[in-house]
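Residue numbers (UniProt numbering): 1 to 341.
Wrong hints could be hidden among the right ones.
[Unchecked claim] Label pairs and their in silico Cβ distance ranges:
1. Gln279 / Glu181: 53 to 59 Å
2. Gly100 / Lys196: 56 to 62 Å
3. Thr35 / Pro141: 26 to 32 Å
4. Thr259 / Pro203: 46 to 52 Å
5. Asp284 / Gly186: 52 to 58 Å
6. Pro203 / Glu287: 34 to 40 Å
7. Glu260 / Asp81: 16 to 22 Å
8. Asp197 / Lys175: 35 to 41 Å
9. Gly100 / Gln279: 41 to 47 Å
10. Pro34 / Gly221: 37 to 43 Å
11. Thr259 / Ala82: 48 to 54 Å
[Stated by the list, open to error] Calculated pairs, DSSO-like style, for lysine-lysine (alpha carbon to alpha carbon, straight line, at most 27 Å):
12. Lys148 / Lys175
13. Lys271 / Lys255
14. Lys175 / Lys196
Just so you know, the hints here were simulated from the structure itself, not pulled from any lab data. Please read these numbers as outputs of a predicted model, since none were measured by experiment. Quick reminder that beta carbons are idealized off the backbone N, C-alpha and C, glycines included.
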Amino acid sequence: MLLGLGACGEGLPPAPPPKPRAEGKAAPEVKAGPTDESRAELYLQAKERMAALLPEDKDGPQRIVTELGPGLREIADNASDAPLRANASLLLGTLHERAGDRRTAISFYRQTLALLPNEIEPRRVLALALAADGQFEAAIPEQEAVVKDDPDDLEAWLLLGEVNVKAGRTEEATKAYAAYEMRRRGLIDGLTLQNKDGTYVMPVDQRAACARALIPARDNGTGLALLYALSREPDPVVRQALAEAMGSQRLTGYKAALTEAAAKEAHPEAKAAMLWAVQEIERDPLESRPGRRRPRGRPRVMWLRGQVRRDRTPRTLPRGQVRRDRTPRTLPRGQVRRDRT
Numbered sequence: 001m002l003l004g005l006g007a008c009g010e011g012l013p014p015a016p017p018p019k020p021r022a023e024g025k026a027a028p029e030v031k032a033g034p035t036d037e038s039r040a041e042l043y044l045q046a047k048e049r050m051a052a053l054l055p056e057d058k059d060g061p062q063r064i065v066t067e068l069g070p071g072l073r074e075i076a077d078n079a080s081d082a083p084l085r086a087n088a089s090l091l092l093g094t095l096h097e098r099a100g101d102r103r104t105a106i107s108f109y110r111q112t113l114a115l116l117p118n119e120i121e122p123r124r125v126l127a128l129a130l131a132a133d134g135q136f137e138a139a140i141p142e143q144e145a146v147v148k149d150d151p152d153d154l155e156a157w158l159l160l161g162e163v164n165v166k167a168g169r170t171e172e173a174t175k176a177y178a179a180y181e182m183r184r185r186g187l188i189d190g191l192t193l194q195n196k197d198g199t200y201v202m203p204v205d206q207r208a209a210c211a212r213a214l215i216p217a218r219d220n221g222t223g224l225a226l227l228y229a230l231s232r233e234p235d236p237v238v239r240q241a242l243a244e245a246m247g248s249q250r251l252t253g254y255k256a257a258l259t260e261a262a263a264k265e266a267h268p269e270a271k272a273a274m275l276w277a278v279q280e281i282e283r284d285p286l287e288s289r290p291g292r293r294r295p296r297g298r299p300r301v302m303w304l305r306g307q308v309r310r311d312r313t314p315r316t317l318p319r320g321q322v323r324r325d326r327t328p329r330t331l332p333r334g335q336v337r338r339d340r341t
């Protein structure tokens, strides 16, 4: 007789404990890459650090390159915003040039130009860097584009003549210097010519632009023209521009006329510009008396730009004034148009 099995499986071996459920491995956390917003913040940080460098801090540019260079390179290569990429590349070029590495600087300037081929400022910076590196033949077409963009840029014509001389192209250099002289005289005419009824041929804003455009011309003839214009100019906007030009040139022959004009000037901004010009002459005078003797040497071409750019506007303007650039096409070194950061 068979014995019945016990209820509920009595007599069976105990079931093995359930295996723990295998927990799936957590996916590694993916770090978000840089955004254009974070890139812009890094670019501005580097730009501000460069601007804060003191002239005596010779190692400063290289220090910034070491600390922030990789991030700036990432911006220059990967940012979706072309002007941001161009600005980062131009800033890298400026830092490398100031650190003494011109060849690397030139490569970044070329990258900037490739990103914004229709902007003139990258071409202007590239031409100066090529000339500073002794690559005169390569600098010539870039500088020719600069003078074509702004024929009234006297400093640009001087540089074009200089690089042609250095490249052994005497005939082309002569043409460049002749163009410089023609433009210089044209700017003086634009500043001073009057109609028979005594009204000026050019309007106020263009006369002021002519005055500022004459800053690179430190010869006696230009000096006399500026003094003549200051003594007769009826509009304070133009008088202010004349004072800014004189203060930028810092010729000692201007001091007496500026001091006398400032004492009579009723317009506050024009008066401030005249007083500033006198201070600039006293701070760093260039011994020249227009009409009596020639300035020492010819107008000097700056191969390397200054902190940001050796521009044609005063290094410092009277308190409360904003810079009135001669042309909106020329931008400070270290940035290009549409610096939207």
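Original post:
Given the proposed pairing of lysine 175 with lysine 196, does the C-alpha separation stay at or below 27 Å?
Top reply: violated, 34 Å
Subject >> Distance restraint evaluation - proline 34, glycine 221, Cβ atoms, bounds 37 to 43 Å >> reply: violated, 55 Å
Original post:
When you take the CB atoms of aspartate 284 and glycine 186, is the distance between them in 52 to 58 Å?
Top reply: violated, 29 Å
Original post:
Do the beta carbons of threonine 35 and proline 141 sit within 26 to 32 Å of each other?
Top reply: Check failed, 38 Å falls outside 26 to 32 Å.
**OP:** For the range 35 to 41 Å, tell me whether the beta carbons of aspartate 197 and lysine 175 fit it or not.
**Re:** holds, 38 Å
**OP:** For glycine 100 and lysine 196, compare the CB-CB distance with the range 56 to 62 Å and indicate the outcome.
**Re:** holds, 58 Å
Original post:
lysine 148 and lysine 175: Cα distance at most 27 Å?
Top reply: Since the Cα atoms of lysine 148 and lysine 175 sit roughly 14 Å apart, the hinted pair holds (cutoff 27 Å).
Subject >> Restraint status (C-alpha distance of lysine 271 to lysine 255 at most 27 Å) >> reply: holds, 14 Å
Original post:
Do the beta carbons of threonine 259 and alanine 82 sit within 48 to 54 Å of each other?
Top reply: holds, 50 Å
**OP:** With 16 to 22 Å as the target window, see if glutamate 260 and aspartate 81 comply at their CB atoms.
**Re:** Hint violated: Cβ distance 52 Å, outside 16 to 22 Å.
Original post:
Do proline 203 and glutamate 287 keep their Cβ atoms within the hinted range of 34 to 40 Å?
Top reply: Given a distance of about 36 Å, which is inside 34 to 40 Å, the answer is holds.
Subject >> 53 to 59 Å as the expected CB spacing between glutamate 181 and glutamine 279, which holds or is violated >> reply: The hinted range 53 to 59 Å is violated for glutamine 279 and glutamate 181, with Cβ atoms some 31 Å apart.
When each numbered hint is compared with the structure, violations occur for hints 1, 3, 4, 5, 7, 9, 10 and 14.
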